[in-house]
Structures are given as C-alpha cells and as structure tokens.
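There are 2 protein chains.
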Amino acid sequence: MRIRRSNMAAMGWPDCAKSLKGVILDLCGVLYDSGEGDGVAISGSAAAVKKLKESDLLLRFCTNETQATREKFVGKLQRLGFDISVSEVFPPAPAAIAVLKERGLRPHLLVHDGLLNEFDGVDKTNPNCVIIGDAAENFSYKNLNEAFTVLIGLANPVLFSLGQGRYYKETDGLKLDVGVYMKALEYACDLKAEVIGKPSSTFFQSVLNDMGLQPHEVLMIGDDLVNDVGGAQQCGMKGVQVRTGKYRPSDEKHPTVKADGTVDNLAQAVDMILSQRAH
Amino acid sequence: MRIRRSNMAAMGWPDCAKSLKGVILDLCGVLYDSGEGDGVAISGSAAAVKKLKESDLLLRFCTNETQATREKFVGKLQRLGFDISVSEVFPPAPAAIAVLKERGLRPHLLVHDGLLNEFDGVDKTNPNCVIIGDAAENFSYKNLNEAFTVLIGLANPVLFSLGQGRYYKETDGLKLDVGVYMKALEYACDLKAEVIGKPSSTFFQSVLNDMGLQPHEVLMIGDDLVNDVGGAQQCGMKGVQVRTGKYRPSDEKHPTVKADGTVDNLAQAVDMILSQRAH
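Protein chains in written order, with this note's numbering: chain L, 363 to 641; chain W, 363 to 641.
In case anyone wonders, no lab produced these hints; they're calculated from the structure. Misleading hints may appear alongside valid ones.
Just so you know, same-sequence chains aren't split out, so a pair can sit in one copy or run between any two.
25 Å max Cα-Cα, derived DSS-like pairs, lysine-lysine [as the list claims (entries may be wrong)]:
id, residue 1, residue 2
1, K486, K463
2, K504, K537
3, K537, K486
4, K554, K537
5, K434, K537
6, K554, K615
7, K463, K412
Produce the entire structure from the sequences given, and follow the hints as far as they go.
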C-alpha cells in the first residue's frame with residue numbers, strides 16, 4: 363500500500379512552518395562565524411533575521427555564548443549588521459546567577475575574561491562550587507588545576523558547566539568548547555556536572571516562557587546537532603540544522619539525533635518557512 | 363557457625379607474602395613525592411627498597427611516569443638515595459614506541475618536554491595518530507586544540523594515552539594527570555583512547571614476562587587504588603595500597619576496587635612481607 367507523501371510529511375519540516383508561532387535561533391555558526399575581531403556574518407543571515415522580524419513570528423536568540431557579557435556580544439552582532447537587542451538574547455550566565463542565588467552558592471569562576479563582568483554582583487569569597495564557561499585561552503593547565511583543587515576540597519563538590527559543546531568553528535579553524543573541560547573535571551573529581559545552557563530543557567523552557575508559547579509552536583534553528591537540534595527536540599520543539607558553522611556531513615547520519623530538516627543556511631531556512639506560510 | 367579467621371585470610375594479605383616470588387613497585391607516591399627539583403623521598407622507602415633487593419624476591423618498578431626519559435628519572439631516584447637501574451623500570455613510552463612500529467603509525471605528540479627525547483628515532487611527519495602523556499604545563503588550550511585538530515582531521519582517529527590517572531600529588535599539592543586530558547579529547551572527538559601504561563593488563567604482563575613469573579606469584583604495591591591496585595588485580599596479581607602519595611581515605615570505601623591490603627607506607631609493607639617470609 364502506498365502512503366501519500368504529503369500526509370506522511372504533514373507534521374514534518376517544512377510543512378510544520380504553517381502552524382508555527384515562533385522561531386528560536388542559535389547565534390554562532392548560524393548568524394556569524396566567530397574569530398578575530400567581530401568575526402564574519404554568514405552570507406544572507408542578516409537579511410533572513412530581518413525577514414523573520416517583519417513576519418508574524420515571535421523571534422528569540424538562544425546561545426551558549428559565554429565569552430562576553432550580553433551587552434558586548436549583542437553589540438558585536440549589531441556591528442555585523444543584525445537587528446538584535448539584549449532582551450531577545452538568552453545566554454547561560456544570567457541563568458547560572460539565578461541558580462546560585464536560589465541555592466546559596468558562591469562560585470569559583472573559570473570563564474573567559476570577557477564574561478567576568480556578568481558576575482560582578484556575585485559573592486565569590488570562600489567558594490563552594492565551580493562554574494566553567496568557554497574560557498578558551500584561560501583553559502591553561504594552571505587554571506584547570508585551580509578549579510580542580512577547589513572541587514576536590516569540597517565535601518559536596520558542585521560543578522556548573524555553561525553548555526556542553528565539544529567544539530565550535532572560528533574563522534581560523536575548529537576550537538575546543540567548554541564541554542571538553544567539563545568532561546575533564548568530571549573525570550578528575552569523579553562527579554557529574556550540572557549543565558546550564560543548551561541542551562538543558564530547563565534552559566529552553568525559560569526561553570519559551572518568555573515567548574509565552576508552547577514547545578510545539580516553536581522551531582529551533584542551529585548548527586549544533588546535539589545541543590541545538592537534539593536539545594530542542596527533547597523539549598518538544600522541532601529542530602532544523604543549518605550546514606554552516608560547526609555542521610559536519612556526518613551529522614546527517616548521527617546514531618541518536620535526527621534533525622527535522624537540514625538546510626544550507628539560515629537564509630534558506632527562513633525562505634522555506636515564509637513560503638510555507640504564504641500559501 | 364564461626365569460621366576461623368586464620369583460614370579466611372590464608373590467601374590474603376599479608377599471609378600471601380609467604381609464597382611470593384616477586385614484587386612490583388610504583389614509583390611516584392610510593393618511593394618519593396614529586397615536586398620542585400627532584401622532589402622528596404618518602405621516609406623509609408629507600409631502606410625498604412634495599413631490604414627487598416637483599417631478599418630472595420625479584421623486584422621491578424612499574425610507573426606511568428612520562429615527564430622524563432627513563433635515564434633522567436632513574437637518575438633522579440638515584441640522587442634521592444634509591445638503589446635502582448634503568449633496566450628494572452617499566453614506563454609507558456617505550457611500550458608506546460613498540461606499538462607505533464607494529465602498526466605503522468606516526469604520532470603527533472602532546473607530552474612533557476622532558477619526554478621528547480624518548481621519541482627521537484620515531485617518524486612524526488604527517489601524523490596519523492596522537493599520543494598524550496602527562497604534559498603538565500604543556501596542556502595549554504593551544505596545544506590541546508592542536509592535538510584535537512589532528513584527530514578530527516583523520517578518517518580513523520587513534521588516540522594513545524600514556525596512562526589514565528586522574529591526578530597525582532606534588533610537594534605543593536595535587537596535580538591533574540593525563541587521564542583528565544584523555545577524557546577531554548575522547549569527548550571532543552567522540553572516540554575511545556587506547557591506554558598504554560597502568561592499568562592495562564598488556565602493560566603489567568610485559569613486566570611479568572621480564573620477571574619470568576606468573577601473576578599469582580607477584581605483588582604490586584602502589585598509591586593509586588584504581589591504576590596500581592585494581593590494574594594488578596585484573597591481571598591476576600595481589601595489590602596493596604600505601605597511605606602515601608595520592609592515597610585518600612575514601613579509597614578504602616571505593617565502590618569497585620578493594621585492595622588486598624592497605625599499609626601506612628612502603629617501609630611497613632616491606633617489613634610485613636619480610637616478617638611473613640621469616641617464619
């Protein structure tokens with residue numbers, strides 16, 4: 363018996379675009395590639411963001427960016443030509459600060475120098491937990507050893523990792539991300555880190571709450587199959603992967619995560635979404 | 363029904379010392395604590411090694427030391443007062459070089475500067491595998507990223523880790539060991555490293571072959587519960603842990619590895635062994 367293809371795909375990509383109420387975009391690898399200075403915008407992405415903003419879809423940005431304060435990296439994106447404001451962007455650091463307050467924890471920070479200001483108002487004396495972000499060059503042997511020494515000295519060691527990415531793409535090549543150092547400290551201290559950021563469902567849900575939408579009404583578009591697409595799907599959203607940023611062809615044969623759709627770039631994704639909704 | 367304690371312990375520590383033919387000692391944390399300069403000898407250990415050498419027991423040293431060539435670290439131990447020679451010592455680097463030859467592999471090295479000479483005769487052009495050792499300060503973000511870039515660019519990435527220790531003790535505190543960076547690269551590249559060194563049974567067996575003894579005839583003494591004691595037990599030897607070096611009280615309640623005996627230090631272990639054999 364033949365099943366009509368249009369029915370099979372009815373709830374899939376890109377047909378699902380018809381019933382969407384909102385879109386969440388990842389930043390690095392979707393809007394731009396990071397690197398020296400501001401990095402470079404990905405061709406067509408600025409125009410695509412503009413089209414989404416002019417549509418009836420709600421738009422938010424969900425990122426594991428932890429190399430700078432929100433103000434700094436939103437400023438960078440504006441300079442690259444993107445229509446984006448701080449209130450539309452959800453990174454892990456503010457979510458981490460909320461968790462610290464809730465649980466009365468004082469962090470030892472192993473993060474990028476650019477992120478330190480986000481933690482200005484946070485008590486860091488006599489630390490009883492460790493927070494790691496994408497510290498890049500700050501991931502020296504000395505600094506990792508220092509974070510380890512704090513953790514191993516605690517009766518109940520708590521490690522927060524701002525994301526769990528393996529690597530990301532900069533203009534001069536792939537770079538190791540925070541998840542790699544999370545695994546390092548997990549092994550050193552024989553503990554399990556708490557991830558704050560994508561792919562945590564709690565984190566995605568906080569963005570949905572801000573939008574006032576249900577997961578099935580929202581599509582996530584990212585370049586990271588596991589953290590963007592897989593995380594969004596776990597949370598009940600559809601997830602589409604772009605073939606920019608850290609995308610690798612092997613992602614399309616991943617053993618556990620299957621994107622609802624794979625597109626060449628954000629411009630193509632947005633054109634497909636808007637053309638579905640035009641019918 | 364009461365079971366007589368002497369029967370229960372008949373095959374255990376220290377009774378097993380009666381039938382031993384050889385002893386294998388770990389170096390760092392058993393003979394000495396590493397640190398600035400040569401580090402410091404652990405009290406009573408030099409005399410204990412001397413007593414073992416004067417006994418009828420065969421003696422070898424099995425170490426995951428990869429910060430220096432054998433000649434260098436054996437020289438250090440001699441300066442610290444130990445009667446020890448290069449031919450009695452089994453570290454991972456020479457075992458790794460044998461594996462490279464056997465499999466026609468050319469390594470990219472992320473190791474301590476002090477170890478580089480061991481690999482002088484090895485072809486390192488156009489690398490098709492990565493070897494990591496206890497590189498200490500060489501575990502910079504830049505160097506780890508470089509090793510990652512080699513691995514991620516290979517169709518069949520091969521990572522050799524010279525040991526898998528979590529941390530070791532230096533005179534100024536605990537230091538992260540190679541296993542931590544092995545886990546980091548395993549996660550980054552989604553692969554499983556091949557461990558050369560303790561606790562690999564292949565590695566322990568190469569020492570037993572050199573001694574011409576069976577596993578049940580040999581006792582391993584180390585400060586690392588998992589890699590020294592657990593590794594030796596997996597190989598069929600008895601394993602005793604010393605409460606020096608990286609020993610932590612929680613080791614005595616470890617969920618999976620139980621030492622055959624735990625002693626304060628090497629001096630006490632050797633006295634117990636020799637007194638059992640005197641009866």
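For each hint, the structure was consulted:
1. K486 with K463: within (12 Å within a copy, 51 Å between copies)
2. K504 with K537: Both. Shortest intra-copy (20 Å) and inter-copy (9 Å) distances satisfy the 25 Å Cα cut-off.
3. K537 with K486: between (29 Å within a copy, 23 Å between copies)
4. K554 with K537: Intra 23 Å, inter 20 Å, cutoff 25 Å: intra and inter.
5. K434 with K537: within (21 Å within a copy, 35 Å between copies)
6. K554 with K615: Only across copies: K554 and K615 sit 19 Å apart there, 28 Å inside one copy, limit 25 Å.
7. K463 with K412: neither (37 Å within a copy, 58 Å between copies)
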